[in-house]
Amino acid sequence: MFDSDKDSQVVETWQRFVQGLLGVLALIGAGVLAHYYAPPETASLEQQVHQLSQQVAEMERQGAFSPAAVDDARESVGYIYGIYRVSGDPGSAPIHARVAGTGFIVGPGLIATNRHVAEPWYGDREAAAAIRHGATPILEKLEAYFPGSPIPVVLHPVVLAQHGDLAVLQIEPTAFTEKLKALPLASGPPRVGEPISVLAYPMGVTGMVAKSPAAVYERLSSRQDDAGTAGELAALSLIRPSATFGHIGDVSGDKLIYDAPTARGGSGGPVLNTRGEVVGINSAYLDGFSGGTLGIAAYDLIPLVEKAKRPAIIESATSR
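In the numbering used here, the protein residues as written are 1305 to 1624.
Rather than coming from a laboratory, the hints here were simulated on the basis of the structure. Misleading hints may appear alongside valid ones.
[To be verified] Beta-carbon label-pair distances, calculated as ranges:
1. 1551 x 1517: 27 to 35 Å
2. 1519 x 1440: 38 to 46 Å
3. 1371 x 1491: 23 to 31 Å
4. 1514 x 1430: 25 to 33 Å
5. 1445 x 1492: 33 to 41 Å
6. 1430 x 1525: 38 to 46 Å
[Stated by the list, open to error] Straight-line C-alpha distance at most 25 Å; calculated DMTMM-like pairs for lysine to aspartate or glutamate:
7. 1445 x 1393
8. 1515 x 1447
9. 1485 x 1610
10. 1483 x 1393
11. 1559 x 1428
12. 1485 x 1379
Fair warning: this is a prediction, and the values are worked out from it, not measured in the lab. Heads up, the beta-carbon is just placed ideally off N, CA and C, and yes, glycines get one too.
All chains should be built: construct the whole structure from the sequences, respecting the hints.
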């Protein structure tokens, strides 16, 4: 009987020991699970969500254009039309020609474009030869048509780049032009591979007539009067730049190479990044090479715009 009591005590002691051991192991296991599987603190989770949201937003900005942003920028891009002559050289026939291009608002009453649009004889070998022999270049007309305006505005060259194909012109103020917004200029060059968009008027009035409604196209397609055709398109609210898209293929100094297509009449158009900043000014294209559209970095334009904003410069332009 005593042996039976002793055996019972041993069993109870052993059971208590096992139960205690299992309790300790359970606590250890719970701690391990809490360490590896417990959800992070609320503040930490919110921080992670915020960081991911920023990364997604940045990826969207870098990889895609906002249709609304591109459409808004179009309102500040005008079609430029001009007539000029170079005459007075007794050894050659007078030159009388038209020019078509694109420009965009860069400040109150100011529009930027290429110098060869603002001063059409710039870079023209025939005109340069005539000028060397005593001929005088005269700009007879230079106007800009903007989306939404039924009438053109007169332009006056204000600042011309001395060693580059850039120019800033003044717009004769109207109630309409005072509402036009300036497009922001990027202070640095774009990166190779960066998405871009070019807003311009490729092929001038020919391009705008081609994309007009069928009835308008039938009526205007055979016209030879660019100024008259532009006036009719403006009256019908059909002055609108085209947007083409591509990527920066190379950056060489202040020269940009990209594959957004363009054509004659696209000179002076803004090259936009996905943030809506102007990174370049469209200036030329290479025939036969789809990736050979050329532009000038927008940071070259910044000092010209600052100079054009000086009161003395503007007063001189309006007195011409």
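Now the hints, each set against the structure:
no.: 1; hint: 1551 x 1517: 27 to 35 Å; verdict: 33 Å, holds
no.: 2; hint: 1519 x 1440: 38 to 46 Å; verdict: 44 Å, holds
no.: 3; hint: 1371 x 1491: 23 to 31 Å; verdict: 26 Å, holds
no.: 4; hint: 1514 x 1430: 25 to 33 Å; verdict: 29 Å, holds
no.: 5; hint: 1445 x 1492: 33 to 41 Å; verdict: 37 Å, holds
no.: 6; hint: 1430 x 1525: 38 to 46 Å; verdict: 30 Å, violated
no.: 7; hint: 1445 x 1393; verdict: 21 Å, holds
no.: 8; hint: 1515 x 1447; verdict: 22 Å, holds
no.: 9; hint: 1485 x 1610; verdict: 17 Å, holds
no.: 10; hint: 1483 x 1393; verdict: 44 Å, violated
no.: 11; hint: 1559 x 1428; verdict: 20 Å, holds
no.: 12; hint: 1485 x 1379; verdict: 8 Å, holds
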